[in-house]
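2 protein chains.
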Amino acid sequence: MKITLIGSGKLGTHLYKAFATNEKIQLIQWVNRSSKKQKTKEGIPLNKQWNPNLKSDLILLAVSDQSISSISKSLPKESFVVHTSGGISIDALIQKRRGVFYPIQTFSEGRTVDFLKLPIGIEAENSQDLKNLSELVKSIDASAVEISSEQRQHLHLAAVLVNNFSNHLFFEAAKLCEENQIDFRLLLPLMLETVEKLKSLEPQEAQTGPALRRDQETIDHHLKLIKNSQLKELYSLMTSAIQKNHDQ
Amino acid sequence: MKITLIGSGKLGTHLYKAFATNEKIQLIQWVNRSSKKQKTKEGIPLNKQWNPNLKSDLILLAVSDQSISSISKSLPKESFVVHTSGGISIDALIQKRRGVFYPIQTFSEGRTVDFLKLPIGIEAENSQDLKNLSELVKSIDASAVEISSEQRQHLHLAAVLVNNFSNHLFFEAAKLCEENQIDFRLLLPLMLETVEKLKSLEPQEAQTGPALRRDQETIDHHLKLIKNSQLKELYSLMTSAIQKNHDQ
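The listed protein sequences derive, respectively, from chains R and P. Residue numbers for the first sequence follow this note's numbering, so the first one is 1 and each next one is one higher. Residue numbers for the second sequence follow this note's numbering, so the first one is 1 and each next one is one higher.
Hints in this document: simulated from the structure, not taken from any laboratory. Note that the Cβ used here is the ideal one computed from N, Cα and C, for glycine as well. All clues stand as given, with none of them false.
Simulated pairs of lysine-lysine, BS3-like, Cα-Cα distance not exceeding 27 Å:
1. P:K48 <-> P:K77
2. R:K199 <-> R:K244
3. R:K41 <-> R:K24
4. P:K131 <-> P:K73
5. R:K232 <-> P:K224
6. P:K96 <-> P:K55
7. P:K232 <-> R:K232
8. P:K175 <-> R:K232
9. R:K138 <-> R:K24
10. R:K227 <-> P:K232
11. R:K10 <-> P:K244
12. P:K232 <-> P:K244
13. R:K244 <-> P:K175
14. R:K138 <-> R:K117
15. P:K2 <-> P:K36
16. R:K36 <-> R:K2
17. R:K17 <-> P:K199
18. P:K232 <-> R:K224
19. R:K117 <-> P:K175
20. R:K199 <-> P:K175
21. P:K10 <-> R:K244
22. R:K24 <-> R:K10
23. R:K199 <-> P:K199
24. P:K232 <-> R:K175
25. P:K199 <-> R:K175
Anything over 10 Å on all C-beta distances counts as not near chain P; from chain R, calculated:
26. E42
27. Q49
28. P52
29. N53
30. Q128
Please model the entire structure based on the sequences and the hints provided.
Given below as structure tokens:
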């Protein structure tokens, strides 16, 4: 499969690495605004702007949500164009042959993300293109799941809860540890087990702690320990939400 | 080391398993209110009530926070008594030789917790007893960390944030998935990576998402998707906390 990859942010760079050395994929060009060379060290043509002479079967946009629509408009109407965003509908693309390739993962600089078995939500306007997207997913050993734009917006919201918001809780915990000369990484096995548990339990079954046991003494003590008023509010809201959910 | 274990809840049962088959530990009795036999299948004496005739070097209380003080009062003043709670001070024990053995982990029924390298916060009134606690930790291949009662209350609060509150976010995400016919477990690689990242990054560096990028369009869209008013409040509070933290 001949592919054009547009975008050199965190996802674009991770996809580049997964594609460039993959025998099943022919990466025709990588559009990378910040590139200063003409080829990558793997020998893939690098362009600051999309080069229409380098034909491919699929143009993959790993760009910001805000740029998807305008880049789509700048590409040929007959191309097969696919974006990679969790939060943007397939309708943001003007091409008749359009699709979505949404890796359900968080990408950071300096982390190597393993695509093996990684679920990738795919969507396409026609069944042949969907099949092609599924092949692309298979070729990087990831796992294709058909997800509509309607479903994907909820999945993206769920991803924000489990990733961004959990990470904020980790940040607050790290701050508490630092303020009290405790190594935050002592909490890592607990944090891993919190997730690992859910391989065999439902989140509701996995819940433990003072909120669930209605241990008001501990709850009050924790609220007294918290200096930051926003964290205090968060603690109260979380506690009441856990209790409310358990009552149902 | 001769040990008496009191308590048969989730932690008590996990500790029983770790001790009963360990060659370095001699489990003298397991006090288990719900037991109907006189011995466990590993041959350890089972008692509904503590049997003072079975002498041990250390009495370990894996009981509810509320029972620690009264059980301590019922035990000999000269015994070495140790509790296992994150939220309770060493002062809840009346013995002169007192201590704390706090495994920084979440324990659920039906999950086998691996003690290998698990950090266990230890504290004792005198240095010889601290050494003994450290030996006990070593004998189950866990990792001893000296943590004072003052520090431990903050660590326990941090553990509530990273475990109980994250789990609540996982619950809300699972509900969103269920309502939209999406398999919640598609989010597991993302959830694992959210934690794994912190082996090499600080939580602040690891943050991504619409709140951090101040992508108001996505934030507004998510708020519109959320039906539950408590979750809406949580979303707004989390978003504003992430933004505030990034401004600092």
